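Below, each chain spelled out in residue letters.
2 protein chains.
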Amino acid sequence: MNKYGLHGKLKATSGNGEKLASILLEASKLVSTAPGCHLYIISKDNVDENAVWVTEIWDSKEDHDNSLLVAGVKELISQAIPLLDGKPEKGQELDVLGGAGIK
Amino acid sequence: MNKYGLHGKLKATSGNGEKLASILLEASKLVSTAPGCHLYIISKDNVDENAVWVTEIWDSKEDHDNSLLVAGVKELISQAIPLLDGKPEKGQELDVLGGAGIK
Chain A
1 MNKYGLHGKL KATSGNGEKL ASILLEASKL VSTAPGCHLY IISKDNVDEN
51 AVWVTEIWDS KEDHDNSLLV AGVKELISQA IPLLDGKPEK GQELDVLGGA
101 GIK
Chain B
1 MNKYGLHGKL KATSGNGEKL ASILLEASKL VSTAPGCHLY IISKDNVDEN
51 AVWVTEIWDS KEDHDNSLLV AGVKELISQA IPLLDGKPEK GQELDVLGGA
101 GIK
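Going down the list, the sequences are from chains A and B. Position 1 of the first sequence, counting from 1, maps to 1 under this note's numbering, and the rest follow consecutively. Position 100 of the second sequence, counting from 1, maps to 100 under this note's numbering, and the rest follow consecutively.
The reader is advised that the hints may include incorrect statements.
Under the rule of at most 25 Å between Cα atoms (straight-line distance), these lysine to aspartate or glutamate pairs were calculated in the DMTMM-like manner [unchecked claim]: (1) A/87 / B/93; (2) B/103 / A/26; (3) A/19 / A/59; (4) A/29 / A/59; (5) B/19 / A/93; (6) B/11 / A/89; (7) A/9 / A/45; (8) A/19 / B/45; (9) B/19 / B/62.
If you are wondering where the hints come from, they were derived from the structure by calculation, not from laboratory data. Bear in mind the structure is a predicted one, so any value in this text is a computation, not a measurement.
Take the sequences, apply the hints, and build the full model.
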């Protein structure tokens, strides 16, 4: 069965990219053991130093949505929101067929 | 050390998206054991049925570039090229900080 992929950008206000990335790296630890989580990767944008990308693969969109309920995740989101420059854009959803490197 | 990420789209001519994806899935098997390969995932676009996404994480850009030399990869590329609708766009390069789910 195909998996659910999501590739999305969060843009921080000027100078807050690193802080935002570190909060998201904390979140990745919390969700790594959530049901259906295969990938939760945090990257810096190569051009915009205030932008952070989150690349996720889950068994299903439902598993992704449930990850917001993992203990501690809401607290991290509430730390991240004041750092954001505007509302996050909707991420790119992918229909993951397979490949190499995920569990 | 940060890793090198690449997220890029290949667009097939009408009706060839599935064939292109299956060639790329073959390529993922070949490069999975190449030095520095952490992730090589193939996805279908959720909107354009002829578009296929390749999401890669490598130790370095050099490791990525060397993957084109892996035995069999050039043959797969030469099968894929006639299926493409125009020249591939340059993929999005990412500076991968970390997260969960890669080896």
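Taking the hints in turn, this is what the structure says about them:
The suggested pairing of residue 87 of chain A with residue 93 of chain B holds, with an alpha-carbon distance near 23 Å, which does not exceed 25 Å. Of the supplied pair hints, the one linking residue 103 of chain B and residue 26 of chain A holds, its CA atoms being roughly 18 Å apart against a limit of 25 Å. The straight-line distance between the Cα atoms of residue 19 of chain A and residue 59 of chain A is roughly 29 Å, outside the 25 Å bound, and the hint therefore fails. The hinted pair formed by residue 29 of chain A and residue 59 of chain A meets the criterion: a straight-line CA distance of about 18 Å does not exceed 25 Å.
For the hint linking residue 19 of chain B to residue 93 of chain A, the alpha-carbon distance of about 21 Å falls within 25 Å, and the restraint holds. Only pairs whose Cα atoms come within 25 Å are accepted, and residue 11 of chain B paired with residue 89 of chain A is accepted, the gap being roughly 24 Å. The hinted pair formed by residue 9 of chain A and residue 45 of chain A meets the criterion: a straight-line CA distance of about 9 Å does not exceed 25 Å. Note on residue 19 of chain A and residue 45 of chain B: the hinted pairing is violated, with a Cα-Cα distance of about 31 Å set against a maximum of 25 Å.
Restraint check: the Cα-Cα separation between residue 19 of chain B and residue 62 of chain B comes to about 28 Å, which exceeds 25 Å; the hinted pair is violated.
In summary, the numbered hints that this structure violates are 3, 8, 9.
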